[in-house]
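**Student:** Protein chains in written order, with the working numbering: chain A, 1 to 203; chain Y, 1001 to 1203.
FYI, nobody ran anything at the bench for these hints, they're computed from the structure.
Lysine-lysine pairs mimicking DSS-like chemistry, simulated, CA-CA at most 27 Å apart:
(1) Y:Lys1140 x Y:Lys1161
(2) A:Lys26 x Y:Lys1026
(3) A:Lys161 x A:Lys140
(4) Y:Lys1061 x Y:Lys1140
(5) A:Lys19 x Y:Lys1019
(6) A:Lys164 x A:Lys61
(7) A:Lys140 x A:Lys164
(8) Y:Lys1019 x A:Lys26
(9) A:Lys19 x Y:Lys1026
Covered stretches of chain Y, as calculated for chain A (at least 3 residues, CB under 8 Å):
(10) 1013 to 1019
(11) 1061 to 1069
(12) 1090 to 1097
All residues carry an ideal CB built from backbone N, CA and C; glycine is no exception.
Number of protein chains: 2
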Amino acid sequence: MITRYDSQLLQRAVAELSKLPGVGEKSALRLALHLLRQPENTAISLGQAIIDMRQNVIYCKRCHNISSSEICGICSDSSRDSERICVVETVRDVMAIESTGVYRGIYHVLGGLISPADGIGPQDIEIESLVQRVPRENIKEVILALNPTIEGDTTAFYISKRVKSPGLVITALARGMSVSAEIEYTDELTLGRSIEGRTLFEQ
Amino acid sequence: MITRYDSQLLQRAVAELSKLPGVGEKSALRLALHLLRQPENTAISLGQAIIDMRQNVIYCKRCHNISSSEICGICSDSSRDSERICVVETVRDVMAIESTGVYRGIYHVLGGLISPADGIGPQDIEIESLVQRVPRENIKEVILALNPTIEGDTTAFYISKRVKSPGLVITALARGMSVSAEIEYTDELTLGRSIEGRTLFEQ
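Pulled out of the complex, with its shape left as it was, chain A reads as follows (with noise of 0.2 Å):
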């Protein structure tokens, strides 16, 4: 491979730019010529990007949302209602239901799910500070947005054992059928769920 490109740094480059995700070694070294090709300060100011934010990302000490400060900026906002905590697997979740603009509190990231398979148990989560942050911020509400996978709905299992009391409610994301969707395209499990699921009919 190093004689291959001839130069310690464009492979050290490419070794580097290979381990992203979705990038294969074709793409890697796509992404390098063409680094090469722009600007000196282009290729500095990915890479130090890169370098600042990993070492400077801060988390929220409440909910483990990307922040930057130690209370996020949902936590912070007093507009919000912060007696109703939705529970994601990532900050990617939070973006997404963030973009609907329909949800009005808090929420809580666990950085992963439980999955024996991998290894990952509930302590290598954040299942423990969501444990305490019920009682302690006098939660009405726990939403569990997670994903409908085994690893999702063990996860949700065993919070809702955990934080189980009486007067909390602790609901699901609804499923069933996308808003644009077809009934003859629609899979039959989706369908099933959505017909189990079906609600009044608004007038």
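Got chain A; can you put chain Y on it based on the hints?
**Tutor:** Structure of chain Y alone, referenced to chain A:
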């Protein structure tokens, strides 16, 4: 945007990553969040590798290929045929031709193609240095290995006019059907060229 991510550091990394070719803002965010989940060293190695490569990479003084020293491994390999120059657009073309294993001559990397539409003239790419190399290095054959586009053809035509001299053979890559292609599915232009350029059947 900044408020959407609630972290200037993440914001900046996403902005820089999305400048890469083929990387939209969504992929950039995915890459950035991936790097945040990795050990700190992974992200730092990547950032530093990009910076080091761009700041310190060396190009061969003779053929302009990426190199680990002033004269690249191919130019300094005495077992190669130094009277045959293969003219290519990019470093990637050198790699592609090297990986075939059939070429034993040397190279000249133009670093681009003449493209009046993009304001790129002969003086913007490494044509003058090629014109000087041919007599100085006593070259016997110039192989024009440029893409069959308007820019490639224009550049090939221009170079052929500039380097022309008695005793110098100028060749171009053969055009024809791909090795695994079927006649039925080959486009007309390629099929036409493969008829015009038909070769003696080897028995």
